[in-house]
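Student: Put chain B on the given structure of chain A with help from the hints.
These protein sequences, in sequence, are chains A and B.
If you're matching positions, the first sequence starts at 3 in my numbering and goes up one per residue.
If you're matching positions, the second sequence starts at 564 in my numbering and goes up one per residue.
Just so you know, these hints were derived from the structure itself, not from any lab.
Some hints could be false.
Said to hold, decoys possible - For lysine to aspartate or glutamate, the following EDC-like pairs were computed, each having C-alpha atoms within a straight-line distance of at most 20 Å:
1) A/Lys81 / B/Glu688
2) A/Lys81 / B/Asp704
3) A/Lys193 / B/Asp819
4) B/Lys943 / A/Asp146
5) A/Lys193 / A/Asp173
6) B/Lys943 / A/Asp173
7) A/Lys193 / B/Glu663
8) A/Lys193 / B/Glu782
9) A/Lys193 / A/Asp219
10) A/Lys172 / A/Asp146
11) B/Lys902 / B/Asp819
12) A/Lys81 / B/Asp673
13) B/Lys943 / A/Glu288
14) A/Lys134 / A/Glu206
15) A/Lys81 / B/Asp819
16) A/Lys134 / A/Asp146
17) A/Lys199 / A/Glu223
All values reported here derive from a predicted model rather than from experimental measurement.
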Amino acid sequence: MSILVDRNTTVVVQGITGGQARFDTEWCIKYGTRIVAGVTPGRGGELVHGVPVYDTVRRAAAEHDINTSVVYVPAHAVKSAVMEAIDAGIRLILVTAEYVPQHDVIHITAAARQAGVRLVGCNTNGIISPGKSKLAGVGGVDPDEIYAAGDIGVLSRSGGMTAEISLALKDSGYGISTSIAMGGDAVTGMKMAEYVKLFQQDPETRAIVIFGEPGTDNEQEVAALLRSRAITKPVVALIAGAFQERYPAGMSFGHAAAMITTGNESASAKRAALAAAGAHIAGALEDIPALLRRDLR
Amino acid sequence: MLRLTEDLAKQWLRDSGLPTPQAFAAASPQEARSAAERMPGGAVVKALVPTGRRGKAGAVLLAEGVDQAGAAAAKLLGTVVNGHVVRKVYIEARVAIKDEYYVSFVLRDDRAEVLVSRSGGVDIEEVARVSPEKLVRSRIDPLNGLDTWTATDLWLDAGLRGASLPRIAALTTQLYEAFCRADALLLEINPLAIDESGEAHVVGAMMAIDPNALFRHPEWRGDNEPLPENPRARAVALANREYPGGECQYVELEGDIGLLVGGGGAGLYQHDLMLEVGGRPANHCVTPPTGADNRKLKAVLSAIFDNPKLRGLLLGFNFAQMARTDIRARTLIELLDEKKIDTARLPIVIRLFGAGESESRAMVAGRPNIHYVPRGTTLKQAVRLIVQLTAKNSGARL
Chain A
3 MSILVDRNTT VVVQGITGGQ ARFDTEWCIK YGTRIVAGVT PGRGGELVHG VPVYDTVRRA
63 AAEHDINTSV VYVPAHAVKS AVMEAIDAGI RLILVTAEYV PQHDVIHITA AARQAGVRLV
123 GCNTNGIISP GKSKLAGVGG VDPDEIYAAG DIGVLSRSGG MTAEISLALK DSGYGISTSI
183 AMGGDAVTGM KMAEYVKLFQ QDPETRAIVI FGEPGTDNEQ EVAALLRSRA ITKPVVALIA
243 GAFQERYPAG MSFGHAAAMI TTGNESASAK RAALAAAGAH IAGALEDIPA LLRRDLR
Chain B
564 MLRLTEDLAK QWLRDSGLPT PQAFAAASPQ EARSAAERMP GGAVVKALVP TGRRGKAGAV
624 LLAEGVDQAG AAAAKLLGTV VNGHVVRKVY IEARVAIKDE YYVSFVLRDD RAEVLVSRSG
684 GVDIEEVARV SPEKLVRSRI DPLNGLDTWT ATDLWLDAGL RGASLPRIAA LTTQLYEAFC
744 RADALLLEIN PLAIDESGEA HVVGAMMAID PNALFRHPEW RGDNEPLPEN PRARAVALAN
804 REYPGGECQY VELEGDIGLL VGGGGAGLYQ HDLMLEVGGR PANHCVTPPT GADNRKLKAV
864 LSAIFDNPKL RGLLLGFNFA QMARTDIRAR TLIELLDEKK IDTARLPIVI RLFGAGESES
924 RAMVAGRPNI HYVPRGTTLK QAVRLIVQLT AKNSGARL
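The shape of chain A in the complex, shown without the other chains (with noise of 0.2 Å):
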């Protein structure tokens, strides 16, 4: 198995006229998602890569049988872009805009929640699970060179490092059964504690590697849901962003989630809450499979 994106996700692609959703679109059919349906309003009854353009994602979802969306409207337009998928009953929706108001965020995370639909992003570049389906750009052109089927499941705040995380396990003979990159914003749809559920409830998914930054309260709720033993499966977990804490407090580092406003949200309290609750920390990306060996025969 694999978690949210399997075999059976079906896609529609709002925007997808644009230059990156066209590109992404190309590559994701070639790797054997499918993309069942695209949306632009004013295009409809256009072809993209052969897939039907609808002017809305409600006559598409009329047409086809469709269950998840990827977002590729600009930042401006991401709150209705996606309201609109939740009213026409799409449950799982990626955005890939970054710069997205955060007064928009807000909202559409909260409709998500109300909805029961899970929210992937802002600014994710992606999931996939190997050989079976991928949304969004994650892999480019040559997916195969960096993600190989296996029972690892891979979560990142940073969507090129789900890259290095999934090359490093490659290269020591490990696989991924879903690797995520969830956004790296102060406020994403979906929380890391929620992925890392589904992860421990997929079959499939033997160990759980995450790699995190400083900012948010999102490593300290997988400690707790390790702590209280919800989490049964190895995390090991790369948190990156400890060199901040040696510089003068108000330096601004990154874009991501990196304002600190707590001494619970910098690296090293990260590191030390995940270790305290039994996570393995890694240094490196190159230590990551010898953690892993740890607990997995």
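Tutor: Frame of chain A; chain B shown alone:
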């Protein structure tokens, strides 16, 4: 966060139907005098700079009549308050205050939080420290908003009773709506005042806006933030204002190894690694995603090269699944040539894998001391290499 000056914040609240005192911005003592002429009850003259704690900085003066208003303006204009040059003052009609309240809204995690108190007109951090029971806070469901009855409950919890209660509660709801429509990250009203006749006035107002939402508020797209003192950081800040695309950053540090990294986790990770293996970063940076327009990337790399402490450079990026590597390599070559940098004296390690890699490798081939590491090299190995090369180079002069 983009802090608005008080005139812009008050104008927004006025346009949202909230009661604000009569006020004018003035750029000269003459303008201040003519504004004060219309305020028979006296005026307050405030430096128009986008910071809090102006009172403590001596930048809020009381004026009786036009002469004092003119003198106050003359005193404030041209001074520096909390790092900002005072180019305008705000002349505001004084309110005869009977009661002072406090209300603020702030985005925290995935909710807006409202904070109210009957102890307005004073430093709220002090109230929180001395008598936290006087503060009442609540998280607001973004889908439901803040109803007047919920606001009334909040103020009841804060101890407010009687005729002012419905008025203050209604204003609290109105303020929340103004906060949301402004895409504000912070709105603080201190004080929200009731005068002798029972009328309410928004007297102190501070508002900070989400920079990502400026497309909805082009009128606030200003240059409110003071430019950094460091000339290299200043050049990058100017590039941010001038060129399109995501925000880039350049923070200069004490070390000697330049870091050209992305904005995400790989940049944080490499900085950690560099300290761990004993290297000293000359900077941290955030570069925008590669696109057709490389001017911001070029501005950041140019700042790195212009740092006199530079003795080594790492171009370190995660395996590029989508971005093209050759845009980064080309930017490097352009700057090396423009700045006539002799790489024999400046070791450069490049770890750029992914689309366009063979073009990137061809571009740097033949240049001395540029180490484009082979496929399979980890981020840590590349960091270690530049630290070693820089240590050997540390005696050299550029």
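Student: Now, for every hint given, state plainly whether the structure supports it.
Tutor: Quick rundown of the hints versus the structure:
The suggested pairing of A/Lys81 with B/Glu688 is violated, with an alpha-carbon distance near 35 Å, which exceeds 20 Å. Simply put, A/Lys81 and B/Asp704 have alpha-carbon atoms about 17 Å apart, close enough for the 20 Å limit, and the pair holds. Note on A/Lys193 and B/Asp819: the hinted pairing is violated, with a Cα-Cα distance of about 38 Å set against a maximum of 20 Å. Between B/Lys943 and A/Asp146 the alpha-carbon distance is near 23 Å, which puts this suggested pair outside the 20 Å criterion.
At most 20 Å may separate the alpha-carbon atoms for a hinted pair to count; A/Lys193 and A/Asp173 exceed this at roughly 29 Å. A C-alpha spacing of about 15 Å is found between B/Lys943 and A/Asp173, which places the hinted pair at or below 20 Å, so the restraint holds. At most 20 Å may separate the alpha-carbon atoms for a hinted pair to count; A/Lys193 and B/Glu663 exceed this at roughly 40 Å. This hinted pair does not check out: A/Lys193 and B/Glu782 have alpha carbons roughly 35 Å apart, beyond 20 Å.
This hinted pair checks out: A/Lys193 and A/Asp219 have alpha carbons roughly 9 Å apart, not beyond 20 Å. Distance restraint check for A/Lys172 and A/Asp146: the Cα-Cα separation of roughly 10 Å lies within the 20 Å cut-off, and the hinted pair is therefore satisfied. Between B/Lys902 and B/Asp819, the direct Cα distance comes to roughly 18 Å. Compliance with the 20 Å bound is thereby established for this hinted pair. For a cut-off of 20 Å, the pair hint linking A/Lys81 to B/Asp673 stands: about 15 Å separates their Cα positions.
Annotation: proposed proximity of B/Lys943 to A/Glu288 holds, straight-line Cα distance about 8 Å (limit 20 Å). Our distance criterion of 20 Å between C-alpha atoms is met by A/Lys134 and A/Glu206, whose separation comes to about 13 Å. A hinted pair counts as satisfied when its Cα atoms are at most 20 Å apart, and A/Lys81 with B/Asp819 does not qualify at roughly 44 Å. Distance hint between A/Lys134 and A/Asp146 is fulfilled; the C-alpha atoms sit about 12 Å from each other, no more than 20 Å.
Between A/Lys199 and A/Glu223 the alpha-carbon distance is near 11 Å, which keeps this suggested pair within the 20 Å criterion.
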